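Asks: Taking the hints into account, I'd like the entire structure generated from these sequences.
Following UniProt numbering, the numbering of the sequence shown begins with 1 at its first residue and continues without gaps.
One or more of the hints may lead you astray.
Unchecked claim - In silico SDA-like cross-links for lysine to any residue, where the CA-CA straight-line distance does not exceed 25 angstroms:
(1) K134 to I62
(2) K126 to T35
(3) K89 to S74
(4) K142 to Y70
(5) K126 to Y70
(6) K89 to N108
(7) K89 to N110
(8) K22 to N77
(9) K126 to T94
To be clear, the hints were calculated from the coordinates, so they are not data collected in a lab. The model shown is predicted, which means the values in this text are computed figures rather than measured ones.
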Amino acid sequence: MTFRYLNSTLVLNKIFENINLKLIADTSVIIAVITSEHTKSQLLELTSGYELYAPASIHWEIGNAISAMYKRKSIGNRDGCFILSEYSKIPISTVGINIAEALRIAYNFNMYAYDAYMLQCAIEQKAELITLDKKLVEISKKMNIKTIEVN
Numbered sequence: 001m002t003f004r005y006l007n008s009t010l011v012l013n014k015i016f017e018n019i020n021l022k023l024i025a026d027t028s029v030i031i032a033v034i035t036s037e038h039t040k041s042q043l044l045e046l047t048s049g050y051e052l053y054a055p056a057s058i059h060w061e062i063g064n065a066i067s068a069m070y071k072r073k074s075i076g077n078r079d080g081c082f083i084l085s086e087y088s089k090i091p092i093s094t095v096g097i098n099i100a101e102a103l104r105i106a107y108n109f110n111m112y113a114y115d116a117y118m119l120q121c122a123i124e125q126k127a128e129l130i131t132l133d134k135k136l137v138e139i140s141k142k143m144n145i146k147t148i149e150v151n
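Replies: What follows is the structure, given as structure tokens:
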């Protein structure tokens with residue numbers, strides 16, 4: 001009887017392994033999903049079952065990404081408004097972070113504060129990180145932050 005119970009527990013744990021797990025999604029992932037980049041289906045599959053979190057700065061990062069696309073003339077204002085509208089539909093919990101600690105990370109790894117905010121958020125939330133930024137993946141591994149890699 002005990003053996004059967006243990007097997008049932010293992011099966012249930014496997015079925016529910018991603019439910020209620022926190023995942024920090026950075027701007028690159030959000031923009032890729034919204035703009036239907038080639039990684040969209042893989043990203044949706046990888047994030048299935050996770051609760052998405054991001055530092056409160058994510059709103060401004062999305063705005064900055066849209067304005068960068070404007071500067072490159074890769075999108076017009078209508079597309080920018082569409083991206084912003086779609087972003088507002090994504091269920092992401094935004095959280096405050098310890099900015100002083102994030103700036104320490106930025107200094108130690110010679111990186112932008114916004115990237116360090118993502119890493120600090122993952123640390124504070126005890127969450128995995130998903131990003132398309134290869135440098136951020138590399139640094140997160142050095143910091144022992146579990147990272148979901150996207151091919």
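Asks: Does the alpha-carbon distance linking K134 and I62 stay inside the 25 angstroms limit?
Replies: 19 angstroms, holds
Asks: Check whether the Cα positions of K89 and N110 lie no farther apart than 25 angstroms.
Replies: It is violated: about 33 angstroms lies between the C-alpha atoms, which goes past 25 angstroms.
Asks: Verify the proposed pairing of K89 with S74, using a straight-line Cα cut of 25 angstroms.
Replies: This hinted pair holds, its Cα atoms lying about 23 angstroms apart.
Asks: Hinted pair, alpha-carbon criterion (25 angstroms max): K126, T94. Please report holds or violated.
Replies: Between K126 and T94 the Cα gap is close to 14 angstroms, so the pair holds against 25 angstroms.
Asks: Do the alpha carbons of K22 and N77 lie within 25 angstroms of each other, as the hint requires?
Replies: Judged against 25 angstroms, a Cα distance of about 33 angstroms means the pair is violated.
Asks: Just to be careful, I want the Cα atoms of K142 and Y70 compared with a cutoff of 25 angstroms; is the pair within it?
Replies: 34 angstroms, violated
Asks: Please verify whether K126 and T35 have alpha carbons no more than 25 angstroms apart.
Replies: Violated. K126 to T35 sits at ~29 angstroms, over the 25 angstroms cutoff.
Asks: Mind checking the alpha carbons of K126 and Y70 for me, to see if they're no more than 25 angstroms apart?
Replies: 35 angstroms, violated
Asks: Does K89 pair with N108 here, judged by a C-alpha cut-off of 25 angstroms?
Replies: Given pair K89, N108 is violated - Cα atoms ~35 angstroms apart, limit 25 angstroms.
Violated hints for the displayed structure, listed by number in ascending order: 2, 4, 5, 6, 7, 8.
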